[in-house]
Amino acid sequence: GAGVSQSPSNKVTEKGKDVELRCDPISGHTALYWYRQSLGQGLEFLIYFQGNSAPDKSGLPSDRFSAERTGGSVSTLTIQRTQQEDSAVYLCASSLSRGPDTQYFGPGTRLTVL
Amino acid sequence: QKEVEQNSGPLSVPEGAIASLNCTYSDRGSQSFFWYRQYSGKSPELIMSIYSNGDKEDGRFTAQLNKASQYVSLLIRDSQPSDSATYLCAVNLGGGSEKLVFGKGTKLTVNP
Numbered sequence: 001g002a003g004v005s006q007s008p009s010n011k012v013t014e015k016g017k018d019v020e021l022r023c024d025p026i027s028g029h030t031a032l033y034w035y036r037q038s039l040g041q042g043l044e045f046l047i048y049f050q051g052n053s054a055p056d057k058s059g060l061p062s063d064r065f066s067a068e069r070t071g072g073s074v075s076t077l078t079i080q081r082t083q084q085e086d087s088a089v090y091l092c093a094s095s096l097s098r099g100p101d102t103q104y105f106g107p108g109t110r111l112t113v114l
Numbered sequence: 001q002k003e004v005e006q007n008s009g010p011l012s013v014p015e016g017a018i019a020s021l022n023c024t025y026s027d028r029g030s031q032s033f034f035w036y037r038q039y040s041g042k043s044p045e046l047i048m049s050i051y052s053n054g055d056k057e058d059g060r061f062t063a064q065l066n067k068a069s070q071y072v073s074l075l076i077r078d079s080q081p082s083d084s085a086t087y088l089c090a091v092n093l094g095g096g097s098e099k100l101v102f103g104k105g106t107k108l109t110v111n112p
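So the protein sequences, as listed, match chains A and B.
Here the first sequence stands for residues 1 to 114, where the numbers follow the working numbering.
Here the second sequence stands for residues 1 to 112, where the numbers follow the working numbering.
Any given hint could turn out to be false.
[Claimed, not checked] Calculated cross-link-like contacts (lysine-lysine; reagent style PhoX-like; alpha-carbon spacing at most 20 Å): (1) B:Lys2 - A:Lys11; (2) B:Lys2 - B:Lys104; (3) B:Lys104 - B:Lys42; (4) A:Lys57 - B:Lys42; (5) B:Lys42 - B:Lys2; (6) B:Lys56 - B:Lys2.
Please keep in mind that the hints were generated in silico from the structure rather than gathered at the bench.
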């Protein structure tokens, strides 16, 4: 079966523009996670969804960042008024149920803010 | 601040040798521990998980956990050039938290 997919694979935008990043989890996976990986940095947790609810948004760095999930499937991460420090690879992961044991990562979206 | 620390490397070992990767974590209440492998330009891939003190072996990989010392390690026996990658240590704090806290990774190079 298909793995986690993300789109676009690359996004170049100008400072101040809004961007939307999409994640399609593995079919049937109820848990979905967003992470960010900046150059030379480890993976940074952003937000976790269980179904359509987000019980943990503690990693979102500012109110410019938001995410939603619909139908218990596709998730969109939106960054408003992008800044250069938002440049990173944004990774999505999904797992069959609660718990981090079986998180499967997508290929990521490389965001570059000029 | 919950932290996971790893030596950034690079760690270089000859083919056939044992590669030893180390990780320390700051939160004594951490419950679950994971090692991910990340090839350059690729997404992380889970290779080992460990939950209790001691050793856990899976093929050429052995994870070791010492909660008293807040230390987790990954040993790769008979290292192969295809093992060359960045290895990420990740910790789940438990207590209902679902998120993983990652170290910055150790870059391993296995020389033929």
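Status of the hints after comparison with the structure:
1. B:Lys2 - A:Lys11: violated (31 Å)
2. B:Lys2 - B:Lys104: This hinted pair holds, its Cα atoms lying about 13 Å apart.
3. B:Lys104 - B:Lys42: Holds, at about 15 Å.
4. A:Lys57 - B:Lys42: violated (25 Å)
5. B:Lys42 - B:Lys2: violated (26 Å)
6. B:Lys56 - B:Lys2: Distance ~25 Å between Lys56 (chain B) and Lys2 (chain B) Cα, so the pair is violated.
In this structure, the hints that do not hold are numbers 1, 4, 5 and 6, in rising order.
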